[in-house]
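Protein chains in written order, with the numbering used here: chain A, 25 to 272; chain B, 25 to 272; chain C, 25 to 272; chain D, 25 to 272.
Calculated directly from the structure, the hints in this document are not laboratory data.
Watch out, some of these pointers could steer you wrong.
Since the list can't tell identical chains apart, any single copy or any two copies may satisfy a pair.
With a Cα cut of at most 16 Å, we get these calculated EDC-like pairs of lysine to aspartate or glutamate [stated by the list, open to error]:
#1 K90 x E168
#2 K99 x E32
#3 K198 x D77
#4 K74 x E250
#5 K92 x E243
#6 K90 x D166
#7 K182 x E138
#8 K246 x E138
#9 K38 x E243
#10 K38 x E117
#11 K139 x E69
#12 K109 x D141
#13 K198 x E168
#14 K44 x D110
#15 K154 x D174
#16 K92 x D166
#17 K182 x E96
#18 K73 x E101
#19 K253 x D141
#20 K226 x E37
Treat the numbers as computed from the prediction; the structure is a model and nothing was measured.
4 protein chains.
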Amino acid sequence: MIKIENMETFIVEKDNPELKDSILIEGLPGVGLVGKIAVDYMISELKAKKFADLYSPYMPHQALIKGKSELELIKNEFYYYKGKKDMIFLAGEAQAVDIFGHYEIASKVLDYVEKYDVKSIFTLGGFATKEAGDRVFGAVTDPEMVKEYDNLGITFMKDGSIVGAAGLLLGIGKLRGIKGTCLLGECPGYLVSPKAAKAVLKVVTEIFGIRISFKKLDERVKKTEEFLKNIKMLEGTEEEKIKEDYIG
Amino acid sequence: MIKIENMETFIVEKDNPELKDSILIEGLPGVGLVGKIAVDYMISELKAKKFADLYSPYMPHQALIKGKSELELIKNEFYYYKGKKDMIFLAGEAQAVDIFGHYEIASKVLDYVEKYDVKSIFTLGGFATKEAGDRVFGAVTDPEMVKEYDNLGITFMKDGSIVGAAGLLLGIGKLRGIKGTCLLGECPGYLVSPKAAKAVLKVVTEIFGIRISFKKLDERVKKTEEFLKNIKMLEGTEEEKIKEDYIG
Amino acid sequence: MIKIENMETFIVEKDNPELKDSILIEGLPGVGLVGKIAVDYMISELKAKKFADLYSPYMPHQALIKGKSELELIKNEFYYYKGKKDMIFLAGEAQAVDIFGHYEIASKVLDYVEKYDVKSIFTLGGFATKEAGDRVFGAVTDPEMVKEYDNLGITFMKDGSIVGAAGLLLGIGKLRGIKGTCLLGECPGYLVSPKAAKAVLKVVTEIFGIRISFKKLDERVKKTEEFLKNIKMLEGTEEEKIKEDYIG
Amino acid sequence: MIKIENMETFIVEKDNPELKDSILIEGLPGVGLVGKIAVDYMISELKAKKFADLYSPYMPHQALIKGKSELELIKNEFYYYKGKKDMIFLAGEAQAVDIFGHYEIASKVLDYVEKYDVKSIFTLGGFATKEAGDRVFGAVTDPEMVKEYDNLGITFMKDGSIVGAAGLLLGIGKLRGIKGTCLLGECPGYLVSPKAAKAVLKVVTEIFGIRISFKKLDERVKKTEEFLKNIKMLEGTEEEKIKEDYIG
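Excised from the complex, chain A in its bound form (with noise of 0.2 Å):
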């Protein structure tokens, strides 16, 4: 039982791994749900495990229903890998509801794996451009990254912003020695793009020297396509509708 006198952000541990030199890898809900499909996937694939939830007051003031029908309050999850390189994920419903919250949450989720000796970060999300291609965008805490990471292909930002966790993760973990990366897969922004979710995981897997199945991602891909085709020979207002319910 957990007694919260006055509300404030607070973890849940439920196991405590040993982790050594790890790696932050965060993948919240935003632009296209590229970071939380690529996170989500890879705790799948990897077959981590869950250690540990954060609650917050910031957070949506929500209760969640799973499963046959199992009221949750919204939150963060943290789950770790062992493998090469120890891993933590940050996944979770959602992410702060205010700009003073983003900043309060970012600080605690930093405050905590701080513990798990926490030397790297990286941050995954989606980038809306017109084209939509399939590019990766990247960006660092440190320019002398770029060319550590000079054959993924990534597209390196010279200017633009971070928002949200992704950007409060890597600004305020600088200031606190550690180093960041943010990875960012091209998408048209109002779609659930799985597509940019495989192309973000396949430069983060080379860089860590992992190896995933991209079969059941591919295949979401996939259904998304033909659902998009699908929708290109329906017209105004019906696309409309459509798009709206596949919208995450």
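Put chains B, C and D on the given structure of chain A with help from the hints.
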């Protein structure tokens, strides 16, 4: 006299009843005023006794005028009833005005009622559907409970979310080891729905083996139905106007 | 010099008057500027003395320019007057900008004035009606007080709510054992209403047996009425423009 | 490494200069970017040295990308210059995102610079007028200062208000016994205005007897004017589009 140096959510206790193994039943203003009507009706029929008031800077910044011109700060109220089961009712005139406030008040409510040995929480409300039939939708914090409620005709929800006090009391309560049930009466949403409140009350009273008269509530249901019939004979803007006046 | 390590609502005291059994009369900006005009006028006619300023991060983020180009942080002000009854006037340029701030400032005001033995609070304001006649509406924290005010021609309200400082000072004050009265002058709402302020002042001065000259206020009422007569001779957009310029 | 247990406004100090009797000059983003252009230009021309960064959960929740793809948390910056007068410049990429944050950051800035013996504050900005001429508007915290600035051609304001950092630094500074001056360059408001920045800088450099070259700023003024001339030859939507691209 209560001195409040720094304004925060606080509770003014008027009585200190002895309650064991008790149930918290919440019915604050929400969709169709279903929860509020249901809980206010139980308080009145069971002659439940007021024992505490809750005030908060996260409620509307208003004093309400009642009776012979009596001003009072807007608030939530705690009532108790000692029957087969000890019960606490959470009633009131408003929910929190922002998301942080929703978490803050739900936490403070739970801090307070734990003192009275609350083991189970019921949150009541309305669920707007296009059919607006007479179903009662349910969700529970432990899937085992679905079986317990087997013969009550509840439609258990498999996804979606419960927003506001009804969701947070259950979600935070679950983290503290308290069982939770949400019961939502089907209604059109834009009108006050005593009919949905009655449907919810039927289920609640059956669960606890309580007998109350539904006479006064039936009268209110009838009045609403007559009102709706008259509306259908009117048109356009006029109808809109009347609807507005009738929404709680 | 005042050092403010963490910005919060604070009061700068300039004098420390001896007051007994005192009355707090609030008149901050609101509907028709009625409360503000009434209290500012009493301060001026009674030559009440300033003894404290209140600043708050929940007020507009502005410095105001006055006199020969003198910048000052926006604030609320406390004045006192020692007559048959000791009186404290709460005047100023703004109310809180959000709901939490309203509770915060009202609480801090009460914390402060309790030091000066406040036993009763009057909050003054405007009440917008379609008739815009010359009634004074009232509400009290104790229904017994309705009798006390029997021959003053006050229209006591039986429902509704008082929003903002006028409501919270009375609502929170009541919880601290302080009696409270709200007096609202009838007005059209969208125009500054010295006439409504005069109606409210008539009642207040009668309650306390105070004599003040209404000459300057009558002049202002007359000017407003002439202005309104002229407006009626103008049309559409032009009228709108002038109204805008005239709203406080 | 900086550990931030509870996220709040904080300052990372990189140098600890010895400053006496110093002047704070603020130029953060605002109307026409006038203040920002003016202060950034002085920092560049005087080769002022960076000595501290300020971060805050009340700034936008973004990391900005610069140079060769380098991510950094959005921030405000302190520079110093030791000349006839010791000077501190407050520059940066953003102001607070809400009202409470404006008070919070202004207070923290003052707490910090008081360590460097700040005796006087200048806040620079733009003032949008229909004429958009070349006046410099001024306001001071002490009316005596109007005389001091007698021959500088400043148009002193007699009413109105100064919103945001420019107003609060002066208003809160005054409460702490620090003199304050606001200087606003006249501009159309919806366009970046280097011309207004130059007008303000002319006054500031004259007050402090500083000589700087205006060459680069003149070039920027010229470019803006040519741009505006071209705009006038274009039409409707096209013009709108270009304007949008040019607004800072």
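Taking the hints in turn, this is what the structure says about them:
no.	hint	verdict
1	K90 x E168	between (45 Å within a copy, 13 Å between copies)
2	K99 x E32	within (13 Å within a copy, 23 Å between copies)
3	K198 x D77	between (24 Å within a copy, 14 Å between copies)
4	K74 x E250	neither (34 Å within a copy, 55 Å between copies)
5	K92 x E243	neither (26 Å within a copy, 37 Å between copies)
6	K90 x D166	between (41 Å within a copy, 11 Å between copies)
7	K182 x E138	neither (29 Å within a copy, 37 Å between copies)
8	K246 x E138	neither (39 Å within a copy, 52 Å between copies)
9	K38 x E243	neither (33 Å within a copy, 52 Å between copies)
10	K38 x E117	neither (19 Å within a copy, 39 Å between copies)
11	K139 x E69	neither (25 Å within a copy, 45 Å between copies)
12	K109 x D141	within (12 Å within a copy, 47 Å between copies)
13	K198 x E168	within (14 Å within a copy, 46 Å between copies)
14	K44 x D110	within (6 Å within a copy, 49 Å between copies)
15	K154 x D174	neither (26 Å within a copy, 53 Å between copies)
16	K92 x D166	between (47 Å within a copy, 9 Å between copies)
17	K182 x E96	between (41 Å within a copy, 12 Å between copies)
18	K73 x E101	within (10 Å within a copy, 42 Å between copies)
19	K253 x D141	neither (46 Å within a copy, 58 Å between copies)
20	K226 x E37	neither (31 Å within a copy, 40 Å between copies)
Of the numbered hints stated above, those contradicted by the structure are hints 4, 5, 7, 8, 9, 10, 11, 15, 19 and 20, listed in ascending order.
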